[in-house]
Amino acid sequence: MSTFSRFLPFLKPYLPRMVLAGLLVMGVAATNLALLRLAGTLWDIITVQHDQSKMTDLITGFLGLVILQGLCSMGHSYLTAWISQRIIADFRRHLFAHLHTLSVSFFARRRTGELLSRLMSDVTVIQSVVTETPIDSAKQLVTFLGGITFLLTMNWRLSLLILILLPLLVLVAKGFGRKLKSLSTSIQDHTAAMSTLIEEVISGIRIVKSFVQTRREEARFAAQVEQTLSLTMRKAGVMAVFIPVISLLTFSAAAAVLWYGGRQVIEGTVSPGDLVAFVLFAGILIGPFSSAARVFAQIREAQGATERVFEILDTRSDVSDAPAATSLSTVSGHIRAEHVGFAYDPRQPVLTDLSFEALPGELVAIVGPTGAGKTTMMNLLHRFYDPTEGRITIDGHDLREVTTDSWYRQIGLVPQETILFGGTIFDNISYGDEKASHDIVVAARRAAHAHDFIMSFPDQYRTIVGEKGINLSGGQRQRIAIARAIVKNPRILLLDEATSALDSESERLVQEALEQLMKGRTTFVIAHRLTTIQRADRILVLNKGRLVETGTHAELMERKGLYQYLYTLRLIELPS
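Residues 1 to 576 in our numbering are what the sequence shown lists, from first letter to last.
Treat each hint with caution, since some may be false.
Stated by the list, open to error - Mimicking DSS-like on lysine-lysine, the simulated pairs with C-alpha atoms at most 25 Å apart in a straight line are:
| id | residue 1 | residue 2 |
| --- | --- | --- |
| 1 | K488 | K519 |
| 2 | K435 | K488 |
| 3 | K519 | K544 |
| 4 | K235 | K179 |
Everything labelled a hint here was simulated from the structure, so no lab data went into it.
Using the sequences plus the hints, can you model the full thing?
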């Protein structure tokens with residue numbers, strides 16, 4: 001209950017409606033009880049008293065109660081569904097918003113399919129327990145208390161035959177509940193793994209086909225499905241035994257009541273109508289008992305899902321705003337790194353004692369062999385991660401002392417792996433500024449030399465780029481990403497292999513656009529091509545996480561160090 005109580009803040013805005021739905025469903029239960037009692041009286045009037053006038057009056061009252069019950073039932077059904085869907089929608093939004101507060105390191109450790117499963121499947125499992133179950137429990141409570149009251153009033157000895165089974169029902173439910181929780185948790189874990197596998201295969205479908213691994217992936221998926229199916233069938237087997245056992249125990253009490261009550265009717269101590277009403281009341285008590293067993297099973301099933309969902313909500317970002325963090329306005333772009341060190345794993349440092357400076361408006365190129373730490377350095381500059389040692393400052397402000405949003409607004413990022421969203425070209429270019437006018441977007445696409453290929457599409461700006469931009473070529477995606485950065489109009493640019501997907505002619509055009517964009521802005525660029533870095537104001541040469549050289553292209557060539565060695569090996573492409 002301590003876990004489920006954490007949903008109370010999400011229930012609070014809807015409590016008045018939940019109370020109304022509870023009252024309506026209690027009205028349904030109360031009219032049900034009244035109808036049963038009326039049925040017993042009607043039976044006596046028809047079979048014993050033979051009074052037609054009373055019979056007509058009772059049937060009229062019977063119909064009135066049925067109409068009242070129908071109105072209450074309609075009201076609570078719609079209201080319960082409305083409340084349930086609203087609460088879960090609010091919770092999903094909250095969970096999705098929380099994911100956005102987490103740092104990049106969280107997503108590096110988690111698989112997309114697992115997060116998708118928790119956001120969708122686990123929340124769906126929780127839905128009925130936290131919304132529909134409390135309201136339905138109100139109905140079952142009225143049914144149980146009302147039924148027991150009627151039974152005790154009519155014949156307390158017969159009532160004992162039913163109540164004697166209660167302890168047995170509790171023990172049976174508890175035993176089955178433990179087994180159901182274990183199986184449900186395992187099923188959710190396997191479902192998450194299956195979602196992850198689907199996401200991986202669909203994302204990498206070209207590689208799967210190219211390497212002729214379709215059968216392998218089918219076999220992996222089939223194995224995962226079989227494991228999930230096995231667990232699901234085990235759970236179904238438990239449920240197949242659970243509910244009938246509870247029902248059998250309850251019906252056994254009803255059978256005993258019928259046998260014992262029938263003897264009393266024969267002896268003349270109980271009227272036939274009272275026995276009919278008593279049996280009907282005993283029968284209706286099956287509902288609360290079966291419902292309690294079902295709810296208990298659902299709670300056990302939802303408990304594992306709830307723990308997984310709140311595990312995400314309890315996660316805190318590795319990169320967050322300090323309590324006294326200040327908001328940046330406009331920055332000049334003076335960046336300094338002071339003895340910066342960083343490690344994804346404490347046992348294996350990635351960057352060590354890194355110190356450098358970039359003056360406002362400078363173009364700083366970052367080069368080095370594979371694994372030197374170039375992309376990690378970009379991540380630290382963007383503040384996707386915080387240094388484990390040292391600090392990075394912007395205009396003298398430690399990045400950890402300014403708000404992340406105000407810092408991110410200063411940055412234009414063109415990553416190595418271009419990510420586009422599955423909307424239109426216009427939506428992707430204006431992604432950094434939702435209020436960007438059509439003229440601004442047009443100017444950006446011209447600056448990024450994306451005009452020709454955009455206008456060549458039948459739908460032009462309304463062209464759907466597809467998932468992750470699959471409908472565009474690599475070069476087209478890269479130019480859309482550059483246009484997106486141009487629209488944002490940042491003070492600082494981070495270009496990670498920004499022209500790597502372009503041919504020589506496209507690179508030349510985009511390089512010209514970038515040079516115009518970089519004027520007056522501090523720019524860091526990772527590139528292997530000499531044409532991209534030869535005009536840099538300074539070049540930072542990394543090797544094994546350390547800054548081993550710094551200077552201009554000419555200066556570094558004269559030193560005949562690592563930079564000149566990379567150039568000689570043609571790891572930096574010669575200009576044509």
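* Asked: Within a Cα-Cα threshold of 25 Å, do K235 and K179 meet the stated pairing?
  -> holds (8 Å)
* Does K544 lie within 25 Å of K519 when you go C-alpha to C-alpha? -> Violated, at about 32 Å.
* Asked: Holds or violated: K435 with K488, Cα cutoff 25 Å?
  -> holds (11 Å)
* To do: Below or equal to 25 Å on CA atoms is what counts here, so check K488 against K519.
  => Cα-Cα ~15 Å, so holds.
The structure fails to meet hint 3 from the earlier list, while all remaining hints are met.
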